[in-house]
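Peer 1: Protein chains in written order, with our numbering: chain A, 1 to 269; chain B, 1 to 286; chain C, 1 to 343.
Honestly, I wouldn't trust all of these hints.
[Claimed, not checked] One-sided and incomplete, this derived list gives chain B residues near chain A with beta-carbon spacing under 8 angstroms:
1) 108
2) 167
3) 169
4) 174
5) 176
6) 189
7) 191
[To be verified] Label pairs and their calculated CB-CB ranges:
8) 196(C) to 119(A): 55 to 63 angstroms
9) 139(A) to 149(C): 47 to 55 angstroms
10) 137(C) to 234(A): 37 to 45 angstroms
11) 23(A) to 75(C): 57 to 65 angstroms
12) 106(B) to 48(A): 27 to 35 angstroms
[Said to hold, decoys possible] DSS-like cross-link-like pairs, simulated, lysine-lysine; straight-line CA separation at most 30 angstroms:
13) 92(C) to 193(C)
14) 31(C) to 129(C)
15) 31(C) to 92(C)
16) 39(B) to 50(B)
17) 165(B) to 82(A)
18) 17(A) to 165(B)
19) 92(C) to 129(C)
20) 31(C) to 193(C)
21) 193(C) to 244(A)
Calculated directly from the structure, the hints in this document are not laboratory data.
Every residue, glycine too, gets a C-beta built ideally from N, C-alpha and C.
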Amino acid sequence: MTTETLLELEHVTKAFKRRGTSEQVLAVDQVSLTVRAGESVALVGESGSGKSTLARIALGLELPDAGSVVLTGHELSTLRGKQLRSVRRRMQPIFQDAGASFNPRRSVRAAMFQGLRHLGSDDERQARAVDLLDRVGLRPGESFLHRLPHELSGGQRQRLAIARAIASDPVLIVADEPLSGADVSVRGQVMNLLVDLQKERGIAYLMITHDISLARSFADRVAVMHHGSVVEQGSTDDVLSEPKDDYTRLLVRAVPELNGPMPSRAYLT
Amino acid sequence: MLWRRPGRRLLNNLSGRVSAVYILVLVIVALVGPLVISKDPSQISRSVLKPPSPSAWFGTDQLGRDQLARLVDGARVSLLVGVVAAGMAVIVGVLVGAFAGFFGGWLDIALMRVSEFFQVMPTLIVAVAIVALIGPGLFNIILVIAMLSWPQTARVTRGEVLRVKQLEYIDVARCQGRPEWRILLREVIPNAIPAVMPLIALCVAEAILQEASISFLGLGSPDTISWGLLLHDGQQNLLRAWWMSVIPGVATFITVLAFNLLGDSVSAALNPRLRLIGRVRRRVKI
Amino acid sequence: MSAPILSINDLQVTYHASDRQVFALQGATLKAGASETIGVVGESGSGKSTIARAALGLLPSGVAEITGGSIAINGRDVTGLRRRDWQPLRGKPIAMVFQDPLSFLNPVMRVDRQIGEAIRRHAPQRSTKDRVVDLLELVQLPASVARSYPHELSGGMRQRVLMAVALACEPSLLIADEPTTALDVTTQAEIVKLLRDIQRTLGVSVLLISHNLAVVAELCDQMYVMYAGRVVESGPADEILSHPGHPYTYGLMTAARSLRDADGRYATIAGDVPSLAERFVGCPFAARCPVAMEHCTQLAPPPTSVAGQANHVAACWHLVEGKGRDDHRDIAGAGARHEGVQA
């Protein structure tokens, strides 16, 4: 694994005004986090922990009040216009609600073309879009091009979101609860796709999730957020197997898990 | 694709269907009526103030002009004023609302204060004052009506843009490096428009009514036959010739009502909440 | 033995929409006796919520139609009951807790009044004040909550208030439809624990409907696995969890673990969750099943006992035929090979 740093958040702080008052609420408080090339980092926390705000800051969708966001060596806050846009294309989001992450009036083709604008002609784009759709398991790709997002199932939409994200050849994908819209039986399909793409293209992931077991199985490193701060971060094994922080311990213990050995398959015996 | 359903629902709804058919007929009458009716609406004759009869269905006015011909001719002007003024108002309103909602900040504050300024003015009085200042003329009237009716569209658009702009596909477009103005034009506005659709019909109704009011007060151009002008003439002969007031009055009333009903039906056809009642399947978790 | 509180037998429910039909239940059988904890597990579109609604007569009238089977409450057939006649059956003997408490609580009424109303409906003459405090204590909320409005409470607290409202009716069966889904992990654990405590102290039966296998495994003695409008497997929870009889149950259990195999792959089931726009002739899982046989799509398998346990049944042809291990390969392995291919 290379050690090139892709994303570096340093002492990022963001406060929001509580509605109707002048009171400030610290959504993100002095958070530092790095994602290196090809690795998977999980940002774990409950709702209101600030993890989604941090993801939006990392994506450059929200400006931090203090601290810096450095993406592939460029400090985002110093960039403007075209330059900012081209740097930002190297980092793509996958949001939790695959339904809301597509313009309901635009076809799958239009959604895919958005990410393929760097290609020369529509023919090239079309060919590439079909390839990518095939790649994420929406086969045959041609048959999906003229559908509207709401005509797809939850799992298919999430795979479409992945296809769109990889269309602009990102080095980093920020995935915010990518499984929350998918049924349990198809989650593995989405996860395997992410794992495969990492192997094929060396994409790094910053995954925002509340699902400890998912973080444990997927990530190389884990950061646990609580009330806007990272309370613990480190390698997945260290953090989730021997948590040092009280909150992490509480979180790990609270997860209901299917324990015991894998079941035998009765009808085969 | 996305429009087929609302379109069908609109026609499934009785008042929607009736008003749409009425408006369609009215448009056809306004366009081809003058060709079919042989009488010249400005032709003066000696048979003045004749009540409706087989020779003049809607009677004649104080100069012996055929009221049916005048009503049909006036329909064209009333519709033209209604549609053009409403069109201008909607375009201005959508642009102002979209910019205010999307870019926010001081631009939002400034644009919304301006729209409030126009909204709180007593429409008719101001319209009368302005027309009196800049002179009657059809185009002036259209301008004044448009100027006074864009704020409503602007406010609705702004609200809708505020909702749409925090949806995730807008963020996705940003992450794909698309410029803000393109996002506004291609992603935000098309998804905010459905909320504005019902307003268009309501705007037309209001514009027709305002034109009628202005002309009724005698501020329209006397050469341009419009329903307001007919009402104005009728009012002068109210006790002698009831048909001169009642017929254009009823025509105006029904037309304004039809556009209002159409607007309501459009909003019913587009409103997701009402849509659910028609298709409970969606509301029920299966 | 007295009749079970709730007994649903081969129930079939169809929703009629303007442009299509949804066969939400295509033969579901379920029983809830006294002092039991029963879990119903299923993914979206499995019919698990429909079964809960049917049990309370809450199917939307004019849209849903019971096309077959029966529902009985305390031994009385209530299948064709009119809306009005359902009223005395709701709350007692069966009460329900929903996924989203905020939409079931009145936003402008304080908590004590909402609980009080539920008490009065079933015992009009009693004074409610002490009982409200008791109920709040039962759901482990401080008495001060009584004077709050729903919006002042956290998600977990609202869910507890909703439980107190349900328990105010003194039900013998409490149906909880995805009660923890909208909640955080730590709150979720508390609610599950609370449900267990309530079941033990009051002796009510709890019917938990959830997509989360782990939550059901933690709480329930009896378990029903639903797929495409049918119950494909039922029996004691520990039996099912240790010897799943249906390939779907097995697939769901592996998928729910979020574990990766030696190749770093996640367990999954190929294809997509089926829409209920079609009525399945054979086994509804056949299209995604890694061990499906030719006749699986044509003939519906009868419920068959698993591993010789009379109370653990699953509907799979493999159980009927008792085929040997040589004929069928590892399900997980086959699943991985099928993965990504659209059914």
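Peer 1: Does the closest beta carbon of chain A sit nearer than 8 angstroms to the beta carbon of residue 189(B)?
Peer 2: violated, 11 angstroms
Peer 1: Holds or violated: residue 17(A) with residue 165(B), Cα cutoff 30 angstroms?
Peer 2: holds, 20 angstroms
Peer 1: Are residue 108(B) and chain A close enough, Cβ to Cβ, to be under 8 angstroms, as the hint says?
Peer 2: violated, 17 angstroms
Peer 1: Would you say the C-beta atoms of residue 137(C) and residue 234(A) sit inside 37 to 45 angstroms of each other?
Peer 2: 42 angstroms Cβ-Cβ, so the 37 to 45 angstroms window holds.
Peer 1: Against chain A, run the beta carbon of residue 169(B) and see if the smallest gap drops under 8 angstroms.
Peer 2: holds, 5 angstroms
Peer 1: Per the CB criterion, is residue 191(B) less than 8 angstroms away from chain A?
Peer 2: holds, 7 angstroms
Peer 1: Range hint 47 to 55 angstroms: satisfied by the CB atoms of residue 139(A) and residue 149(C)?
Peer 2: holds, 52 angstroms
Peer 1: With a cut-off of 30 angstroms on the C-alpha distance, tell me whether residue 92(C) and residue 129(C) pass.
Peer 2: holds, 20 angstroms
Peer 1: Sort out whether residue 193(C) lies within 30 angstroms of residue 92(C), counting only the CA atoms.
Peer 2: holds, 23 angstroms
Peer 1: Mind checking the alpha carbons of residue 39(B) and residue 50(B) for me, to see if they're no more than 30 angstroms apart?
Peer 2: holds, 15 angstroms
Peer 1: Between residue 31(C) and residue 92(C), is the straight-line Cα distance small enough, at 30 angstroms or below?
Peer 2: holds, 17 angstroms
Peer 1: For the pair supplied as a hint, residue 31(C) and residue 193(C), confirm whether the alpha-carbon distance does not exceed 30 angstroms.
Peer 2: holds, 23 angstroms
Comparing the model with each earlier hint shows violations of hints 1, 6 and 14; every other hint is respected.
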